[in-house]
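Trainee: If you read the protein sequences in the order shown, they are chains S and U.
The first sequence maps to residues 0 to 412 in numbering that gives the first Met the number 0.
The second sequence maps to residues 0 to 412 in numbering that gives the first Met the number 0.
Simulated from the structure, these hints should not be mistaken for lab results.
Certain hints may be false.
What the hints assert, rightly or not - Here are the in silico distance ranges between beta carbons for each label pair:
1) S:Glu235 with U:Arg20: 54 to 62 Å
2) S:Arg48 with U:Glu360: 42 to 50 Å
3) S:Thr187 with U:Arg87: 52 to 60 Å
4) U:Glu318 with S:Ser229: 44 to 52 Å
5) S:His141 with U:Pro309: 26 to 34 Å
6) U:Ala1 with S:His141: 22 to 30 Å
7) U:Asn286 with S:Asp16: 29 to 37 Å
8) S:Glu122 with U:Gly280: 34 to 42 Å
9) S:Arg126 with U:Ala1: 43 to 51 Å
10) U:Gly90 with S:Asp116: 28 to 36 Å
Being a predicted model, the structure only gives us computed values, none of them experimental.
Every residue gets a Cβ at the ideal spot worked out from N, C-alpha and C, and that includes glycine.
Number of protein chains: 2
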Amino acid sequence: MALIVQKYGGTSVGDPDRIKRVAERVIRTKEGGHRVAVVVSAMAGETNRLVALVQQMAEAPDEREMDVILSTGEQVTIGLLAIALKARGHGAKSFTGSQVRILTDSAFTKARIQKIDDKAIHEALARDEVVVVAGFQGIDEHGNITTLGRGGSDTSAVALAAALGADVCEIYTDVDGVYTTDPNIVPTARKLDRVSYDEMLEMASLGAKVLQTRSVLFAKKYNVPIHVRSSFNESEGTLVTREEDIMEALVVSGVTYNRDEAKITVVGVPDQPGVAAKLFGPITARNIVIDMIVQNVGTDGRTDLTFTVPKTDFKKSLEIVQASAGELKARTVLSDDRIAKVSIIGMGMKNHAGVASRMFELLACEGINIQMISTSEIKVSCVIEDKYTELAVRALHDGFGMGKEAVRVEKLP
Amino acid sequence: MALIVQKYGGTSVGDPDRIKRVAERVIRTKEGGHRVAVVVSAMAGETNRLVALVQQMAEAPDEREMDVILSTGEQVTIGLLAIALKARGHGAKSFTGSQVRILTDSAFTKARIQKIDDKAIHEALARDEVVVVAGFQGIDEHGNITTLGRGGSDTSAVALAAALGADVCEIYTDVDGVYTTDPNIVPTARKLDRVSYDEMLEMASLGAKVLQTRSVLFAKKYNVPIHVRSSFNESEGTLVTREEDIMEALVVSGVTYNRDEAKITVVGVPDQPGVAAKLFGPITARNIVIDMIVQNVGTDGRTDLTFTVPKTDFKKSLEIVQASAGELKARTVLSDDRIAKVSIIGMGMKNHAGVASRMFELLACEGINIQMISTSEIKVSCVIEDKYTELAVRALHDGFGMGKEAVRVEKLP
Chain S
0 MALIVQKYGG
10 TSVGDPDRIK
20 RVAERVIRTK
30 EGGHRVAVVV
40 SAMAGETNRL
50 VALVQQMAEA
60 PDEREMDVIL
70 STGEQVTIGL
80 LAIALKARGH
90 GAKSFTGSQV
100 RILTDSAFTK
110 ARIQKIDDKA
120 IHEALARDEV
130 VVVAGFQGID
140 EHGNITTLGR
150 GGSDTSAVAL
160 AAALGADVCE
170 IYTDVDGVYT
180 TDPNIVPTAR
190 KLDRVSYDEM
200 LEMASLGAKV
210 LQTRSVLFAK
220 KYNVPIHVRS
230 SFNESEGTLV
240 TREEDIMEAL
250 VVSGVTYNRD
260 EAKITVVGVP
270 DQPGVAAKLF
280 GPITARNIVI
290 DMIVQNVGTD
300 GRTDLTFTVP
310 KTDFKKSLEI
320 VQASAGELKA
330 RTVLSDDRIA
340 KVSIIGMGMK
350 NHAGVASRMF
360 ELLACEGINI
370 QMISTSEIKV
380 SCVIEDKYTE
390 LAVRALHDGF
400 GMGKEAVRVE
410 KLP
Chain U
0 MALIVQKYGG
10 TSVGDPDRIK
20 RVAERVIRTK
30 EGGHRVAVVV
40 SAMAGETNRL
50 VALVQQMAEA
60 PDEREMDVIL
70 STGEQVTIGL
80 LAIALKARGH
90 GAKSFTGSQV
100 RILTDSAFTK
110 ARIQKIDDKA
120 IHEALARDEV
130 VVVAGFQGID
140 EHGNITTLGR
150 GGSDTSAVAL
160 AAALGADVCE
170 IYTDVDGVYT
180 TDPNIVPTAR
190 KLDRVSYDEM
200 LEMASLGAKV
210 LQTRSVLFAK
220 KYNVPIHVRS
230 SFNESEGTLV
240 TREEDIMEAL
250 VVSGVTYNRD
260 EAKITVVGVP
270 DQPGVAAKLF
280 GPITARNIVI
290 DMIVQNVGTD
300 GRTDLTFTVP
310 KTDFKKSLEI
320 VQASAGELKA
330 RTVLSDDRIA
340 KVSIIGMGMK
350 NHAGVASRMF
360 ELLACEGINI
370 QMISTSEIKV
380 SCVIEDKYTE
390 LAVRALHDGF
400 GMGKEAVRVE
410 KLP
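Based on the sequences and whatever the hints tell you, model everything.
Mentor: Below, the structure is given as C-alpha cells:
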C-alpha cells in the first residue's frame, strides 16, 4: 500500500464533468489499495476571472487582499471534488491551506512554503478518507492568507508529498509527460520515460512548461519522485527522479526554446572592477530578472557586456541601462528584442565531450548565426535571431538523434 | 466618535463600480470621525453561481463541503472592498469568518453564531483601519468552515455589532427602509422612521423581506439599534430599536402579505388528547415548518384541524397527512394552495381595543371572506383567497390610515 499525492491542474478540473472524472480516477487509485491525498488548482479560467475583478478595483491592488481573493479559486475546487468523492460513497475531506496548515512566509502573491503540518491530514488518511488539499495557497504566521504565485499548485503538491513522506507525487496535466522538445514544432518529439531532477530543472527554466521550477527544486531537495502524466488517458508519463535511478543517461535528452527575452549590449565600458555591479545593480533593484550575461575579453581597456532580460521588462531595462551607460562613459548601447534562446539539455554531457561543438556545427549547417553562448554542466544555450527558432530546434532534435533512437551513454560509476 | 457596523448586501456590492461606491461611502463615514467595521455579502448572483456548480456535482451534496464552496463568495467581496479602500489611501484589512474568528455550531449551511472573538478587530480599529468582515460565514470548534444560511450576512453584522459594542448597525440595502406595506401594491405606502424589534420581527416573519428574522432576534437580545437604509442614496432609513425608544406607537404600523403558503384541513378527527401530535409529528419530522394552526371547538366528539405549510412542501405534506388521517379515522382531508395571508402589525394594538374587529370589517366591506384567523399581542393575520391579496392589502392600509397621517396613540408609561 503506497501513499500517493496526486495533483490536478486547472484544465483537469475545468468543469463539473472533468471534476467527476478526476473523482473516478482518484477512486481507482484508492481501490488499487493506496492512500491518496489530492492537490487541486482552480478551475481553468477562474484565476483569470478573479484577477480581472481585482484589476478593476485598483491599478496597484494591495497584495495581501489579492491573495484573499485569488485563494478562493482553489477553495471552490476542493469542495466540488470532495462532494463528488462523497457522492460516490468514499470518505473525503477538503482542506484549505489554512486548515492543513501550510505555513509560508508573508511574501504575498509569491509566498514560499516553510512548513506543512501533517497531523490533520494523517488523521484523515488514517480514517481512510481521501484528503483534498487546495494548491497554490498557504497561511503566514499571523494567519494571513498567502498564495505561491502562478503554477504554485505543483509546489504545493510536491511539498505535501515531502511532508507526508509519500511514495510518489503524480502531477496530472493536459500533456502525456515530458517530451524531448515541443511536439508542435517537431512532430517526431518523443516522450521521455525518465528524466533527472537537474535535467527537468534546466528544461523548466529554459521554457518547457510542464513543471514549475520551484516544484522541481523542492522534489530534488526532499527526493520526491514526480510522475508527470495526462489526466485524459491512462498511459504512463515521465518519471522525474534522482540521477542515480536513471540507468542510461541520454547525451541530449531535450531541446528547449524561449522567445520571451530581449538582448541589450553595452559597448565600450571601462574594463575594470565594479562596472558590472554598477550596470546590473539598478536593474535587479527594480526586480527585473537578468538571464544570460556575456562579457568579452577587453581590448584597449574597454569591453562589451551583453545580457538578456524578459521582453516585458525590455523598455524599462533599456532606460535604466542608458542612464548607467552614460555615467560609465560607455561608447553606446545596442538592443534587440527579436531573439530566441535555443538550448540542449542532457545528463550525458557531463561525461561526453564535443556536445557543444556538435550543437554549433548543426546550427552552422543551417546558416544560423550564434549571437551569445552560455553553458552549464548539463546544458548549452545559444541566442539566435528569432526567425530561425523552429529551424534550429528541428536541426538540433534531429542532429542529436532524439526523434528515433536516442544517443545514449552508459552511466559511469 | 461612534463605532459603526455597516452591512452591504449583494446588490450593493454587485459589481466593481458598486464596490467602489461602497468604499466611498465607508470613507465618508470614517471622515465623519467614526470607526467603521463593514460586513459584506457575496456579489449579487455569485452565491447562485456557486450553488449551480454544487448542484452539478451531486444530488445531495455534502453540506460541510458546500459551506467550503459557498463561503468563497463573501471572501472575494472583502478582498475587493479592502483593495478599493486602500487604493483610496485608507488603512483597511479584510477578515474571513475564520480569521475573525466567528465561532458557530457545526450545523453546516444553517449554522448559528455562538461567539465572536473581537480581539483582532479591535486591534485593527485601534490602528485606525477599516475592518472588512465576510458575512454569512463562520468556523466551528474543529476549524470547519460554516455558513449561516441565506440572508445570514444580516445576522453576521448584528452579531458583530453586539460583540464590538457598536453604537449602531447600519444595514444597507436596495430599498429606502421599512415601509408600511409593499409600495408595489400600495403607492401611498410610507417609510417608517422607527419600528420596534417586535414589530420588525412580525413583519419579517410575515413576509417583509427587508431584514432576516434571525438578525432582528439577535438585535433585540443584545439591544443593537439597526438602521435600515439604501446604499443608493443618502436619505435616512428606518431605525429598528427598543419599544422604549419609540415615542409614539402606531396602532397599526404595517400591512404584510404572504402568498407562499398552502392550507390543509383534516375534517372530523377524534376530539381527544394526542391527535394534534399524531398529525403534526410526522410533518415536522420531515423538517416542514407548519405556520398557522386553527382548531375549532369539537361537536359530537370530533373536530376539524386546519393548518398552513410552505407551498414548496405542500405535496409532501398532503401525502403525510393523508396517511395519518387514515390512521386517525378522520372523515376527509381538504386542501387549497390558492390562499394568501394578510396581516396587520402594530405595537399600539396592545393598548387599543377593537383593532382586530376593524380589520374584519374592512375585509368584509370588500366582500373578502376570512378562512383562518390568528392573532398575537401585536399582530392579526387572516387567510383569504389569494386573488384578493392586493385588494385586501390596500383596504387595510387605507382603512388604518397608514397612507396619510397614521393613527397614533401616546405610549403608556
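Trainee: Does each hint hold? Answer for all of them.
Mentor: Now the hints, each set against the structure:
{"no.": "1", "hint": "S:Glu235 with U:Arg20: 54 to 62 Å", "result": "holds (56 Å)"}
{"no.": "2", "hint": "S:Arg48 with U:Glu360: 42 to 50 Å", "result": "violated (58 Å)"}
{"no.": "3", "hint": "S:Thr187 with U:Arg87: 52 to 60 Å", "result": "holds (58 Å)"}
{"no.": "4", "hint": "U:Glu318 with S:Ser229: 44 to 52 Å", "result": "holds (50 Å)"}
{"no.": "5", "hint": "S:His141 with U:Pro309: 26 to 34 Å", "result": "violated (46 Å)"}
{"no.": "6", "hint": "U:Ala1 with S:His141: 22 to 30 Å", "result": "holds (29 Å)"}
{"no.": "7", "hint": "U:Asn286 with S:Asp16: 29 to 37 Å", "result": "holds (31 Å)"}
{"no.": "8", "hint": "S:Glu122 with U:Gly280: 34 to 42 Å", "result": "holds (40 Å)"}
{"no.": "9", "hint": "S:Arg126 with U:Ala1: 43 to 51 Å", "result": "holds (50 Å)"}
{"no.": "10", "hint": "U:Gly90 with S:Asp116: 28 to 36 Å", "result": "holds (31 Å)"}
Violated hints for the displayed structure, listed by number in ascending order: 2, 5.
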